[in-house]
Structure formats: C-alpha cells, structure tokens
Amino acid sequence: MSSFIDRLLKREPKSAQQAKERLQLVLIHDRTDLTPAEMAALKDELIEVISRHIEIDPKAVTIEMSQEGREQRLIADIPLSPPRRKRMG
Amino acid sequence: MTAIVVTITSGKGGVGKTTATANIGAALAALGQKVVCIDADIGLRNLDVVLGLENRIVYDLVDLVEGRCRLRQALIRDKRLPELFLIPAAQTRDKSAVSPSDMIRLGDELRPEFDFVLIDSPAGIERGFRNAIAPANKVLVITNPEVSAVRDADRIIGMVEAEEKGPASLIINRIKPDMVKRGDMLSVDDVLELLAIDLIGLVPDDDNVLTSTNRGSPVALDGKSRAGQAFRDIARRLMGEEFPMVNPQDETGWMNRLKGWFKREEAK
Numbered sequence: 001m002s003s004f005i006d007r008l009l010k011r012e013p014k015s016a017q018q019a020k021e022r023l024q025l026v027l028i029h030d031r032t033d034l035t036p037a038e039m040a041a042l043k044d045e046l047i048e049v050i051s052r053h054i055e056i057d058p059k060a061v062t063i064e065m066s067q068e069g070r071e072q073r074l075i076a077d078i079p080l081s082p083p084r085r086k087r088m089g
Numbered sequence: 090m091t092a093i094v095v096t097i098t099s100g101k102g103g104v105g106k107t108t109a110t111a112n113i114g115a116a117l118a119a120l121g122q123k124v125v126c127i128d129a130d131i132g133l134r135n136l137d138v139v140l141g142l143e144n145r146i147v148y149d150l151v152d153l154v155e156g157r158c159r160l161r162q163a164l165i166r167d168k169r170l171p172e173l174f175l176i177p178a179a180q181t182r183d184k185s186a187v188s189p190s191d192m193i194r195l196g197d198e199l200r201p202e203f204d205f206v207l208i209d210s211p212a213g214i215e216r217g218f219r220n221a222i223a224p225a226n227k228v229l230v231i232t233n234p235e236v237s238a239v240r241d242a243d244r245i246i247g248m249v250e251a252e253e254k255g256p257a258s259l260i261i262n263r264i265k266p267d268m269v270k271r272g273d274m275l276s277v278d279d280v281l282e283l284l285a286i287d288l289i290g291l292v293p294d295d296d297n298v299l300t301s302t303n304r305g306s307p308v309a310l311d312g313k314s315r316a317g318q319a320f321r322d323i324a325r326r327l328m329g330e331e332f333p334m335v336n337p338q339d340e341t342g343w344m345n346r347l348k349g350w351f352k353r354e355e356a357k
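Residue numbers (the numbering used here), protein chains in the order written: chain G, 1 to 89; chain S, 90 to 357.
Hints were generated in silico from the structure; no laboratory data involved. Hints may contain errors.
Unchecked claim - Facing chain G, a subset of chain S residues (Cβ under 10 Å, in silico): (1) 235; (2) 243; (3) 250; (4) 256; (5) 271.
All residues carry an ideal CB built from backbone N, CA and C; glycine is no exception.
With the hints as constraints, model all of the structure from the sequences given.
Here it is, written out as structure tokens:
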C-alpha cells in the first residue's frame with residue numbers, strides 16, 4: 001500500500017527497503033556460489049537434456065533459487081509443449 | 090565448574106565484537122559468574138584497553154600457548170570485578186603464532202576453572218577466525234543493521250555451520266530506532282528474515298558506549314545506559330534465563346520505554 005502511494009507521488013522507495021531487496025539477491029548468490037551467468041548456463045543445459053526426452057516450450061522455462069530459513073532450493077518450472085493430436089486415417 | 094566457551098565473531102570489522110566481549114564478560118562477572126575473556130586478535134590487541142587493563146599486561150596468549158608462562162601468570166584480574174579475568178593478545182606476533190589445536194587445548198585447560206570463557210574473534214574468515222571458533226561451545230555472531238555487515242554475517246553464519254559449531258546466535262548492534270522508524274535503517278525483522286537465525290540480543294546505538302570505552306570501564310556496569318542494559322540481558326540469556334527481548338524500535342516513545350522497563354522488572 002505504501003509503495004502504491006510512493007509510486008503515485010513518484011517518491012523513491014525507502015532506503016531500508018532497497019537495502020533489504022538488494023541483500024536478498026546478494027545473499028542467494030553468496031550462499032550458492034552461483035553467478036547469474038552460471039545460473040543461465042544451468043538453465044540452458046537443463047532445457048537441452050529435457051528436450052531430448054520430451055517436447056517442452058524453452059521460452060516458458062523458469063528456474064530460480066528459493067529459500068526457507070537457511071535452506072536453499074532450486075525450483076524449475078518446465079511447461080510442456082501443447083500435445084499435437086494424431087490424426088486418424 | 091565446567092565453563093561454556095563462547096566465541097564472539099562477525100566477519101566484518103568494526104561492528105562491535107570487542108565491545109560486546111568486554112561488556113558481556115563484565116555483565117556475567119557482575120552476576121557472580123567466574124569469567125575469562127580471551128583476545129584472539131593477535132597483532133591487533135584491543136580488548137585490554139576496552140576493559141581498562143592495558144597497564145597490567147606481563148604475559149600474553151602467545152606466551153601461554155608457547156609455554157613461556159603458566160596459566161596463572163597470563164590471567165589478568167579485573168580491578169572492579171574480582172571474578173573477571175583477561176588473557177590479552179600478543180602485539181608483536183601474527184595469527185600464525187597460534188593454531189586451532191592450541192586454542193582447543195587452552196579451552197580444555199580453562200573449562201574446569203571458570204563458568205564462562207569468552208573469545209573475542211578477529212575480523213575476517215581466515216586463520217584468526219578458525220582459531221577463535223575451534224574451542225567454542227557456542228558462537229555469537231554480531232552485526233549492524235547495514236548492508237555490508239549483514240552480508241558478512243551471513244557468510245560467517247554459513248562457515249560456523251560448516252565447522253559444525255552452529256547454530257550461531259545473533260546480536261544486532263547499533264540499532265538507531267529513529268532511523269528504523271523513518272524507513273532508513275534495516276529493522277530487526279528485516280535482518281532476522283535475511284539471516285534466518287536465532288536472536289540473542291538487540292543493542293541500541295548509545296553514546297555511553299564511547300564515553301565508557303574512553304574511561305576503560307565497560308558500559309554494562311553503567312546502570313543507566315540502554316546499551317549496558319542490552320548487554321546485561323544477553324549475559325542473563327547466556328546463563329539460560331528466558332528473558333523478554335526489548336526491541337529498541339518499540340522504545341522511542343516515553344510510554345513504550347516505561348512499558349519496557351516494567352516488563353524487565355517483572356522478569357527479574
């Protein structure tokens with residue numbers, strides 16, 4: 001709500017909020033030793049391997065790090081391509 | 090007696106490790122505990138001046154580890170609190186003069202003689218840090234509500250876990266309630282959400298810390314100082330007392346301050 005008002009009045013978000021958001025991103029990479037570039041490479045390889053077995057939509061694949069407490073989790077969302085109906089006859 | 094060995098560390102320098110070690114040590118001694126504080130920052134001796142004991146040093150940690158003196162000779166007794174002792178760091182040597190196994194041996198030698206052994210860790214993540222946590226039963230990580238200090242605290246928490254010394258407990262030092270209220274300082278909840286570890290103390294920013302350090306008398310012995318009160322609360326928690334956490338952010342108004350004071354009185 002306050003961020004909505006901030007946007008309405010074109011105010012900069014509070015500096016503490018910026019600090020928190022920046023730290024959230026930095027800590028994910030510090031904890032996993034994985035740079036954004038390495039993450040992108042991981043995503044490409046994952047798409048390649050899965051595509052060998054099943055048809056997927058490479059553009060719709062998302063892969064991200066989530067955290068719960070101090071536990072890190074890699075979450076991949078891989079939508080399959082819409083099935084093509086086999087025509088009879 | 091079997092002492093609990095508590096190491097105070099932070100990763101980043103200048104967040105208040107030495108001040109916290111001196112004050113938690115003094116507060117524990119004032120509560121009747123027999124305490125020894127060890128300055129593990131070899132080459133950058135400081136705990137002695139913060140405790141006001143700089144003129145009494147004869148032997149230091151490296152002399153003790155290398156066998157040039159006996160334990161009794163290296164222990165400096167505090168003039169105000171007869172149950173508080175210091176083992177100072179060497180000033181002319183570096184961190185490689187002591188090994189983690191030396192520190193484990195020293196911890197074993199001190200445990201039967203004391204209730205608490207507090208170790209002031211040097212900044213950084215190298216040898217000095219490993220020396221300081223090697224004998225620890227409990228690790229306290231101290232940070233400030235500030236991006237670089239929180240980031241380094243996160244790395245240190247991970248390393249403490251990797252060395253199987255976890256879970257560490259967190260002290261957030263130098264909280265400025267007015268800035269938090271304005272949204273210009275990370276709040277206690279923000280820091281806890283980012284670091285995801287247990288809290289053992291919240292210390293407000295307090296000018297009395299500097300004035301008491303100027304005098305070489307720990308602020309924990311000043312009954313009126315709010316930072317001093319926060320360090321005394323941490324000492325009681327280390328002794329196993331359940332104690333309400335007073336958040337400096339909630340203490341800005343005089344009504345809240347009064348409420349906090351009553352809560353504390355009730356808990357005593």
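Comparing the hints with the structure gives:
no.: 1; hint: 235; in the structure: 8 Å, holds
no.: 2; hint: 243; in the structure: 5 Å, holds
no.: 3; hint: 250; in the structure: 8 Å, holds
no.: 4; hint: 256; in the structure: 9 Å, holds
no.: 5; hint: 271; in the structure: 8 Å, holds
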